[in-house]
Amino acid sequence: MNTFPVAASHITRAFGDFKALDDVSVTINAGEFFSLLGPSGCGKTTLLRIIAGFDYPDSGSLTFDGKDILDLPPEKRHVNTIFQTYALFPHLSVYDNIAFALKLKKRSKEEIDEKVWRFVRMVQLEDHVFKKPSQLSGGQKQRVAIARALINEPNVLLLDEPLSALDAKLRQNLLVELDKIHDQVGITFIYVTHDQSEALSVSDHIAVMNKGKVLQIGTPYEIYEAPATEFVAKFIGETNYYPATVVSFESYKDEYLVKALVPELGGEVLVTDFEPQEPGKEVAYTVRPEKVHIATELHTKADRLINSYSGVVEEPVYSGFQSKYFVKLDNGSTVKVLKQHENYMDDGPDIEWKDHVYVSWSAEDGFLIKEMGQ
Amino acid sequence: MKWRPSELRVRKLGMIYSYPMGVWLLVFFVIPLAIIFLYSFLTRDIYGTVKYPFTLSAYQAMFSKSYGVVLFRTIWITVLSTVLCLLLSLPAGYAMARSKNQTFLLFLVMVPFWTNSIIRIFAWITLLSSEGILSHMLQGLGLLDQGMDLMYNNGAVVLVLVYMYIPYSILPLFTTIDKFDFSLLDAARDLGATKFQAIVKVLLPNIKSGISTALIFTAIPIFGAYTVPQLVGGKESTMLGNIIVEQVQKARNLPLASAFSVVLCLASTFGVLWMLKDAGSSKTKSSLSQQAKVEANVKLSHQGDSNERA
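From first to last, the protein sequence lines are chains A and B.
Those letters in the first sequence? Residues 43 to 416, by the working numbering.
Those letters in the second sequence? Residues 1434 to 1743, by the working numbering.
The set of hints was computed from the structure by calculation and includes no laboratory data.
Every residue, glycine too, gets a C-beta built ideally from N, C-alpha and C.
Take these hints with a grain of salt, some might be off.
If you want the footprint, here are the derived chain A segments under chain B, 3+ residues with CB under 8 Å [as the list claims (entries may be wrong)]:
1) 111-124
2) 139-147
3) 165-171
Construct all of the structure, not just a fragment, from the sequences and the given hints.
And the structure:
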């Protein structure tokens, strides 16, 4: 199938006083799985509706393959949408739902029949072809929506929180299936979601949005490991987040080693960064809970690059394959720690409530966030 | 142990709840209807009441040319007014369902019910008569001759009938359109339908029940209307309802009036049944050929990717 890059630049859309989109620019490469990620009300669905043609921006431009398409009505854009509530036509059978676009195009009966069955087999709904949507389960409805959108051979497929109405297990399966279909058809997928784990697991690139603005665009790895702003760091996964001030920096390997004052940790920490940081700059220091080592004894490799603190386990939360500990440091601050459970021999002694522990992490595991407040 | 009402008990109680309504309908609806049915087979006596023996003469009397003309007129006025009601209330119901001021708009639709229908018809008379505002305006524009009425013709009858019964058409349409999922229209556009195609292929089939209700609620009262043709119609506007009233009040021919009522009643009933049957038959039936297609394609996909599925 043919596909093309989608570029939105400087798009602004306001509903009364509420700015749903505030100068938003994203470029989506041809054939990639691109996610728009953010909490509800961040503007991600508005952006999708503008791309689909259901909404019109107050200013800005939107191009498909370099051509401005803002004035095309939805039925003339080579884009199809999978709606959050599926939006299957309740008066039509599964077959007629899938055939809807082809019937509008006045294709021959044989061609419609052949194509509908091909897509029905692709989404494995052979046994349900002549049922009405009301007779299907949530997952089956979702498959009908996928087949109905793809049979139109769109150049771009838009997905508006397509899995949010399904239960957790089914969601995982369908996500893998969507990824498989993406590889199969090779067209651009633009996926709107508020679920960061969904976005991280299937996307080529993610745009994190909040309050009508795009805060960061990057690969899942970049978004998770190097969040650009306070919001991105807190929204994606969990993190320990402390305000800090840059004290000094020095060269270290091909990066820089920054010394920062973190009052909540009771002193200075060392952290690596790609760029030299100006002393006196207000930043935030963050470290992911799974990068914190927790043990009843001090880390043996302790050197100047390891930040170590002692404290007491306030609350252990056991969840099978891992445990989460809230450790109260001696100075009163709290550090969240995630510990992956291993086999019995490697796991070490159990850490329990009120145990005295040492938490430690290396300078490479910390990260400085330079943009605060958003 | 938890107390659970047995299904039987629930059903029995449900029946009991409906008894007061049943008694009401029996006394004030079924029995009068039975009396009318009975009267239509009796003979009129000179005092304006009825007497035996049983006869079909009332029904035979209906087959005269003058009554045939009235019947034909009643049908076309009913069809025209009902269709006009539907065409006007579809966009109105749609606009109401999409509006943020639903309560206020509903209130506006209900307001006319606060005034007696006869008074509202008289209001139309003041508008349409030769001395009325509308006539004056049209005369001023030179569109109407001096002293001419807009009233006493079939056009006025249709106009006032549409006015009287349009709320009964708007309300059921509004409630069904309000329940309609408007994202379906987006979906239709997304799949290549124009605005008009989306309305015809997706909106209308999904609000079928509202359309039939609206048709029934308007067609039946219009079919039996008598005050409107009486007050704003002319000599050539008599409808079946007027004939019944005339036979009861002036000619004192109760059997003939009853016979007309029975015909009116049966015609309405068959109309409703026909519409309900039409609404019910849209269910898909799994035919043999469909079954064969399913099996053939299940086989096909098993051959294709049996290892992938495992």
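Comparing the hints with the structure gives:
1. 111-124: holds (count 6)
2. 139-147: holds (count 4)
3. 165-171: Contact hint for the segment 165-171 of chain A vs chain B: holds, 4 residues under 8 Å.
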